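> Throw the hints in and build the complete structure from the sequences for me.
Protein chains: 2
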Amino acid sequence: MRAAVLDAPGAISVQTFPDPTVVKPTDAVVAVVAACVCGSDLWPYRGVSAGRGRMGHEFLGVVVDVGAEVTEIRTGQLVIAPFLWSCGHCVHCRAGWPTSCLVGGGYGAEDRDGIMVDGGQGEFVRVPQADGTLVVADVTPQDSRIPALLSLSDVMGTGYHAALGAGAGPGRTIAVVGDGAVGLCAVLGARHLGAERIVILSTHPDRADLAVRFGATDVVAARGDEASDAVRELTEGVGADGVCECVGTQGSWATAVAACRPGGSIGWVGVPHEVTDGLPLFPMFRPNIGIRGGTAPARRYLPELLPSVLDGSLDPGPVFDLTVPLEDIAAGYAAMDDRRAIKVLVVPSGSV
Amino acid sequence: MRAAVLDAPGAISVQTFPDPTVVKPTDAVVAVVAACVCGSDLWPYRGVSAGRGRMGHEFLGVVVDVGAEVTEIRTGQLVIAPFLWSCGHCVHCRAGWPTSCLVGGGYGAEDRDGIMVDGGQGEFVRVPQADGTLVVADVTPQDSRIPALLSLSDVMGTGYHAALGAGAGPGRTIAVVGDGAVGLCAVLGARHLGAERIVILSTHPDRADLAVRFGATDVVAARGDEASDAVRELTEGVGADGVCECVGTQGSWATAVAACRPGGSIGWVGVPHEVTDGLPLFPMFRPNIGIRGGTAPARRYLPELLPSVLDGSLDPGPVFDLTVPLEDIAAGYAAMDDRRAIKVLVVPSGSV
Numbered sequence: 419m420r421a422a423v424l425d426a427p428g429a430i431s432v433q434t435f436p437d438p439t440v441v442k443p444t445d446a447v448v449a450v451v452a453a454c455v456c457g458s459d460l461w462p463y464r465g466v467s468a469g470r471g472r473m474g475h476e477f478l479g480v481v482v483d484v485g486a487e488v489t490e491i492r493t494g495q496l497v498i499a500p501f502l503w504s505c506g507h508c509v510h511c512r513a514g515w516p517t518s519c520l521v522g523g524g525y526g527a528e529d530r531d532g533i534m535v536d537g538g539q540g541e542f543v544r545v546p547q548a549d550g551t552l553v554v555a556d557v558t559p560q561d562s563r564i565p566a567l568l569s570l571s572d573v574m575g576t577g578y579h580a581a582l583g584a585g586a587g588p589g590r591t592i593a594v595v596g597d598g599a600v601g602l603c604a605v606l607g608a609r610h611l612g613a614e615r616i617v618i619l620s621t622h623p624d625r626a627d628l629a630v631r632f633g634a635t636d637v638v639a640a641r642g643d644e645a646s647d648a649v650r651e652l653t654e655g656v657g658a659d660g661v662c663e664c665v666g667t668q669g670s671w672a673t674a675v676a677a678c679r680p681g682g683s684i685g686w687v688g689v690p691h692e693v694t695d696g697l698p699l700f701p702m703f704r705p706n707i708g709i710r711g712g713t714a715p716a717r718r719y720l721p722e723l724l725p726s727v728l729d730g731s732l733d734p735g736p737v738f739d740l741t742v743p744l745e746d747i748a749a750g751y752a753a754m755d756d757r758r759a760i761k762v763l764v765v766p767s768g769s770v
Numbered sequence: 419m420r421a422a423v424l425d426a427p428g429a430i431s432v433q434t435f436p437d438p439t440v441v442k443p444t445d446a447v448v449a450v451v452a453a454c455v456c457g458s459d460l461w462p463y464r465g466v467s468a469g470r471g472r473m474g475h476e477f478l479g480v481v482v483d484v485g486a487e488v489t490e491i492r493t494g495q496l497v498i499a500p501f502l503w504s505c506g507h508c509v510h511c512r513a514g515w516p517t518s519c520l521v522g523g524g525y526g527a528e529d530r531d532g533i534m535v536d537g538g539q540g541e542f543v544r545v546p547q548a549d550g551t552l553v554v555a556d557v558t559p560q561d562s563r564i565p566a567l568l569s570l571s572d573v574m575g576t577g578y579h580a581a582l583g584a585g586a587g588p589g590r591t592i593a594v595v596g597d598g599a600v601g602l603c604a605v606l607g608a609r610h611l612g613a614e615r616i617v618i619l620s621t622h623p624d625r626a627d628l629a630v631r632f633g634a635t636d637v638v639a640a641r642g643d644e645a646s647d648a649v650r651e652l653t654e655g656v657g658a659d660g661v662c663e664c665v666g667t668q669g670s671w672a673t674a675v676a677a678c679r680p681g682g683s684i685g686w687v688g689v690p691h692e693v694t695d696g697l698p699l700f701p702m703f704r705p706n707i708g709i710r711g712g713t714a715p716a717r718r719y720l721p722e723l724l725p726s727v728l729d730g731s732l733d734p735g736p737v738f739d740l741t742v743p744l745e746d747i748a749a750g751y752a753a754m755d756d757r758r759a760i761k762v763l764v765v766p767s768g769s770v
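For the record, the sequence lines run as chains H and E.
Going by our numbering, the first sequence wraps up at 770, each residue one higher than the last.
Going by our numbering, the second sequence wraps up at 770, each residue one higher than the last.
Accuracy of the hints is not assured; some may be wrong.
Which residues of chain H face chain E? A partial, calculated answer using Cβ under 7 Å [unchecked claim]: (1) SER518; (2) ASP695; (3) LEU697; (4) THR713.
Hints are computed from structural coordinates only; laboratory data are not their basis.
Everything numeric in this text was worked out from a predicted model, so none of it was measured.
A virtual CB, placed ideally from N, CA and C, is assigned to each residue, including glycine.
This is the structure:
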């Protein structure tokens with residue numbers, strides 16, 4: 419099969435690997451229908467973080483084989499893979515944190531037994547712990563909702579996690595820092611949770627427009643102190659009830675803290691790669707600003723959000739504004755790196 | 419009147435000042451019955467933070483005069499003063515965050531109009547915004563519950579804030595980092611909220627004993643990684659459901675994060691004076707550890723906790739293990755600084 423590889427910062431190639439097979443009795447093999455490039459893929463792509471090799475952790479596809487102990491997932495089903503695989507029955511999975519599964523792990527790397535778990539940006543993936551990991555969607559690979567369903571693999575679940583962490587709900591005003599795919603999905607998540615007012619911080623008119631289409635009620639076309647001041651002005655000096663931190667830099671955190679009202683909460687999902695100095699606590703102490711978030715438990719949110727995507731009331735599909743065949747995935751990375759694309763959908767040439 | 423003054427690091431004196439009077443129509447003047455020394459008073463005392471002048475922000479006393487616009491509080495009442503004064507009707511007070519009151523402030527400093535608000539470690543205090551600030555306790559100054567009631571001014575409310583932030587409740591396991599007066603009150607707060615298991619980290623046997631008396635079910639006599647490892651061992655490798663961070667140093671935060679289970683919450687109330695490098699976010703990202711806390715809204719908690727103190731079901735009184743007359747308050751500071759005393763109660767010589 420063909421699959422994407424990061425050879426060095428900035429250098430993505432598509433290479434040939436053996437087709438994966440069921441190795442463990444709890445495995446499934448999935449033929450990828452659609453995959454995508456994540457904002458976090460750009461960190462190693464840019465050389466900001468280490469990491470080489472097989473890429474991609476967001477995909478959906480059709481099950482082509484299952485191991486002997488797989489009882490829920492069956493060949494032929496279209497399944498969505500959350501961005502981490504997990505057993506579904508350990509203490510952390512049961513508590514709703516499959517992201518901390520005692521036996522689980524990620525894609526594009528070897529599992530604890532040294533057996534490759536393929537990346538999502540390829541034609542096939544061996545998915546460990548298939549019953550605990552995969553969620554069935556009763557649609558065909560040609561369904562127009564495929565992009566929206568694919569978003570449940572990571573970006574929509576992550577935006578939803580930010581909105582939950584920010585305490586989005588009826589009557590609440592939520593500010594969203596970050597107008598990337600996650601920030602836009604945080605807008606959707608906040609709307610899904612019933613937030614009354616959703617303020618997107620965006621200096622990119624096209625992204626701001628999409629945010630408004632997703633439910634943002636106000637656009638602040640500014641950054642830094644100017645942006646947090648604008649949020650305070652919009653809220654009669656009070657600040658937002660909650661803020662979604664969807665970037666992960668020292669500057670975005672400072673903006674989030676300054677935009678938040680006393681007693682408010684910051685839902686944080688931006689991988690903190692650039693918060694090199696740590697989070698300054700003193701500005702959060704007197705105003706009692708809390709933080710909740712981290713790696714989104716996409717697996718937990720999948721069954722919760724799936725019905726809304728299927729009935730059309732939640733449609734994150736438009737975050738994908740560029741589709742490339744797998745063989746051209748390098749162009750997709752470049753487009754996201756240059757901010758020419760919000761999020762890139764990748765279609766394996768040999769897909770169903 | 420006589421009142422305590424920090425002249426320089428390590429140098430506390432008691433000096434004579436004019437008796438305070440009602441200056442604004444919303445003021446009350448309170449004759450202090452009992453005051454105390456706060457762990458946070460030790461920061462300027464040790465020269466770790468700036469700050470000189472009149473000291474003390476925890477006191478209760480008898481109202482001796484009220485301004486023309488004070489309608490709730492009356493002369494002769496015994497009142498508890500939370501450690502910040504607040505109006506009770508601005509947007510933040512109404513939302514439950516009097517700590518961010520738009521007109522409020524602290525003790526031992528001038529108000530926004532340049533008029534002195536006395537420190538609590540003295541014979542009398544002019545309390546601004548008396549109706550919003552003071553809470554009446556229907557007891558006499560000789561009541562045996564005075565120490566317990568005084569604790570509601572700050573330390574018990576702060577411990578309760580930590581326990582709430584850590585998510586204490588039925589079935590929960592809560593670890594408490596810090597065995598000072600606040601940590602001990604966090605134990606009480608966790609028990610008050612129905613926590614099933616309360617683990618105190620303490621290397622001081624006398625404080626550990628008091629923690630057990632307050633409801634701790636387990637004592638970990640260790641610090642740092644050894645302590646967080648012990649909490650994990652006590653919880654079958656899972657970690658505590660919530661952790662009360664009652665110290666505020668880089669080391670105590672690292673212990674709190676390491677002791678917390680995935681998806682758990684750290685209730686933080688330790689003034690972050692020594693978290694100089696900021697809070698490292700990366701260790702909290704994958705396990706989804708949240709933080710909630712800051713300056714405790716003691717005013718909000720006062721009516722909630724007062725009945726339990728009055729009926730004896732909540733008795734933080736034993737955190738006071740040394741009582742000194744106001745004239746000897748320097749000895750009280752020294753005892754707390756040397757950790758010979760957990761918390762020092764101060765009685766003005768001319769008190770009721």
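> Each hint needs a verdict: does it hold in this structure or not?
Here is what the structure says about each hint:
1. SER518: Cβ of SER518(H) sits 4 Å from chain E, so the hint holds.
2. ASP695: Check passed: Cβ of ASP695(H) comes within 5 Å of chain E, closer than 7 Å.
3. LEU697: This interface hint holds because 4 Å falls under the 7 Å limit.
4. THR713: holds (5 Å)
Checked against the numbered hints given earlier, this structure breaks none of them.
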